[in-house]
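Colleague: Residue strings, one per chain:
2 protein chains.
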Amino acid sequence: MSKAAQSHDQGSSVGKVDGRFFTFAEPSDTMPLESGARLGPITLAYETYGELAANQDNAVLVLHALSGDAHAAGIHRSDDPKPGWWDTLIGPGKGIDTSRYFVICSNVLGGCMGSTGPSSINPATNRPYGLDFPMITIGDMVAAQKRLIDALGIPRLLAVIGGSMGGMQVLDWSVRYPEMVFAAIPLATTMRHSALAIAFNEVARQAIMADPHWQKGCYYDGKHPDLGLAVARMIGHITYLSDDALRNRFGRKLQDRNDFSCNFGADFQVESYLRHQGKKFVDRFDANSFLYLTRAADYFDLLLDESEEHVATVFAKALARFLVVSFTSDWLYPTYQSRAMVTAMKRAGRDVSFCEIEAPCGHDAFLLPIKRLATIIKGFLDRVHTEFRK
Amino acid sequence: MSKAAQSHDQGSSVGKVDGRFFTFAEPSDTMPLESGARLGPITLAYETYGELAANQDNAVLVLHALSGDAHAAGIHRSDDPKPGWWDTLIGPGKGIDTSRYFVICSNVLGGCMGSTGPSSINPATNRPYGLDFPMITIGDMVAAQKRLIDALGIPRLLAVIGGSMGGMQVLDWSVRYPEMVFAAIPLATTMRHSALAIAFNEVARQAIMADPHWQKGCYYDGKHPDLGLAVARMIGHITYLSDDALRNRFGRKLQDRNDFSCNFGADFQVESYLRHQGKKFVDRFDANSFLYLTRAADYFDLLLDESEEHVATVFAKALARFLVVSFTSDWLYPTYQSRAMVTAMKRAGRDVSFCEIEAPCGHDAFLLPIKRLATIIKGFLDRVHTEFRK
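Heads up: the protein sequence lines correspond to chains H and Z, in order.
Counting in this note's numbering, the first sequence runs from 21 upward without gaps.
Counting in this note's numbering, the second sequence runs from 21 upward without gaps.
One chain only, chain H, in its complex shape:
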């Protein structure tokens, strides 16, 4: 999956931008990771939409969730006819208006959609990394993105925006590179995973590692752990929806039959839907990337300590104006977790807007065409763009 990335693993020590891949951290200048390990070379796949203003005041960095990629909007390439994963929000006249803003989206470090990850070639062995890939963190993803933004010649981003694991990157950006973030929009996210979120990720990882084809991560030459990865995706998929969403969409409707099969085929439409989601996922995603990215999300902890005194320090370094958005039926990162975030931002004296959107569709709401979401993002970007130019 990272063949494209591999073919771009050349360039200067300051990095090479070619309009679709950015390669940096050559062997002579590997990137230090939060774990203490070093990694290089690193390639990030990215896409851009719109034009960067001459005074560079209109750059918006979009950060994707677990299974996302750099292809956030439009039909960008002739070899990929699918619109981007956030095409409902990004485009001319849309919530993030590409006739006004220059939008950048890059596939995360550790991913498998063109950026360097465990399926990439390890230059030390000339074989895919597998579990030799170092553990990466949300902070490492952000540090890599920062190199891309530097290489694109953007001194300060108008805004960083993302949902779920993308929202964690937004929060990390706001405190890691405060002077580079004028505004930050974390959606449907959290400062730290709850035990429930860790539990679901852990069971999903166990499903992958229980697949005999996983082979401790060394499966690239043979069969891949497709069945395990499909089960992992099915678990994830349930957590992205909601009781209401599943009831409204599927209820107890049967598949192609008026009665039960009395075997273990897919009788209910919801079963068939989940099996389909699982199968589709294995065609485009790498099982080891799933392990690394869920682990990075579980390790992420901006709060560290829930004491009153500590809360005020979390966003003490941040300079951004924040727009925090949660969704009523999101039970993976429920609204109380967004409220805790808002409290911490306010304690640090930050400028924060908070909106809980009534939506029955669960965690995935941030990816869906919700008019109110587009409206408040558009309004917030208009405001901060005006402030930025002053």
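If you are wondering where the hints come from, they were derived from the structure by calculation, not from laboratory data.
Hints may contain errors.
Any copy will do: because identical chains look the same in the list, a pair fits if it lies in one copy or spans two.
Simulated crosslink set (DSS-like; lysine-lysine; CA at most 27 Å straight-line) [claimed, not checked]: (1) K410 to K337; (2) K236 to K300; (3) K166 to K273; (4) K36 to K236; (5) K236 to K299; (6) K102 to K236; (7) K102 to K273; (8) K398 to K410; (9) K166 to K398; (10) K243 to K337.
Position chain Z against the provided structure of chain H, taking the given hints into account.
Modeller: Okay, now just chain Z, sitting in the frame of chain H:
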């Protein structure tokens, strides 16, 4: 696992009760199942506590959930030192007072704790049934229990009580054999699985069936699908708890370490807990039974149709007084599903008490020592016992 059951597969055509196993439906008189198939012989493992009154007015049938067994209370056998799964509720002076009531609990049909199920010997082949075991329903479980109650010489049960899948059996008893049920106590249960509950069961089944040792159910001579069954149990276990329960018990606490391992071992205590639950389960449970029982729960549908006119007909045949109990943090069978049940009972003119108990521990609350639960069950049994004797 069903060796004990197999050794008791002899007896007369009306069934044989020996104080621990009840065998009936000999080949000459197999039991018809709801699917149209016939099954026999059938053995139910059961235990009893207390003494049946001379006038038989004090019999309480306890119905267990997915992974339960006949051993509901006390330390009943010298070869099994564990107290029963509902020992906190059943015993002298407890919520279900065995100094007053005669309590019966049997392992369900399709199970693997002494009752006939897919791991039992198929008399047609002299090998374990595996997937040749017919699909069974909640109604089939109840029909088998009815034969046991008949064989014990009990014309009418004072009460039937159970939680989760046990609660489904309670509801089924109340409409299938209305004249035999004086009172019914469904706890933490539902008239029909939501799409969310089906979704979790389906993913758990997929985890089992993805295990190459599953072998389409023919694994009894070789390795069992332990890894798949462990993942299935872990999925189930998350749904039995709650966000609050997991946060209070585990939060983000680490296991044996002050820092992250940066590998895929169990770093967080919640991960270690789930892995332990998964491992423990495979030692005592049969993967095929898990498939059959979850399928029976998914198929169960007392409501069939949510139209206003239909709701009144659901409990039209029932004669029981009902006590319905739900728990605030149960998101597998949330309170709204118990309220729908209460509405249907009231439309049918039934005598219904309903209690939603404030409990942070999720669906599993019905198994925990909650004083209020014991108190209301005790009070309700006292009342119906008095009414029964009139």
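Colleague: Checking K236 and K300: alpha-carbon separation at most 27 Å within a copy, between copies, both or neither?
Modeller: both (23 Å within a copy, 23 Å between copies)
Colleague: How do K166 and K398 come out at 27 Å by Cα distance, when the copy is not named: within, between, both, or neither?
Modeller: within (24 Å within a copy, 65 Å between copies)
Colleague: If the cut is 27 Å between Cα atoms, do K410 and K337 qualify within a copy, between copies, both or neither?
Modeller: within (22 Å within a copy, 75 Å between copies)
Colleague: Since the copies are identical, ignore which copy is meant and state whether K36 and K236 lie within 27 Å (CA to CA) inside a copy, between copies, both or neither.
Modeller: neither (33 Å within a copy, 52 Å between copies)
Colleague: For the identical chains here, do K236 and K299 meet the 27 Å Cα criterion within one copy, between copies, both, or neither?
Modeller: both (22 Å within a copy, 20 Å between copies)
Colleague: Within a copy, between copies, both or neither: which one fits K398 and K410 at a CA-CA cutoff of 27 Å?
Modeller: Cα proximity of K398 and K410: one copy only (19 Å, versus 72 Å across).
Colleague: Evaluate K102 and K236 at a C-alpha cut-off of 27 Å and name the case that applies: within, between, both or neither.
Modeller: neither (33 Å within a copy, 37 Å between copies)
Colleague: I want to check one pair: K243 and K337. Are their C-alpha atoms no more than 27 Å apart within a copy, between two copies, both, or neither?
Modeller: Classified as neither; 47 Å inside a copy, 56 Å across copies.
Colleague: Indicate which option fits the pair K166, K273 if close means a Cα-Cα distance not exceeding 27 Å: within, between, both or neither.
Modeller: For K166 and K273, the Cα distance exceeds 27 Å both inside one copy (48 Å) and across copies (31 Å).
Colleague: At most 27 Å between alpha carbons: which applies to K102 and K273, within, between, both or neither?
Modeller: Classified as neither; 29 Å inside a copy, 42 Å across copies.
Hints 3, 4, 6, 7 and 10 from the earlier list are contradicted by this structure; the remaining hints agree with it.
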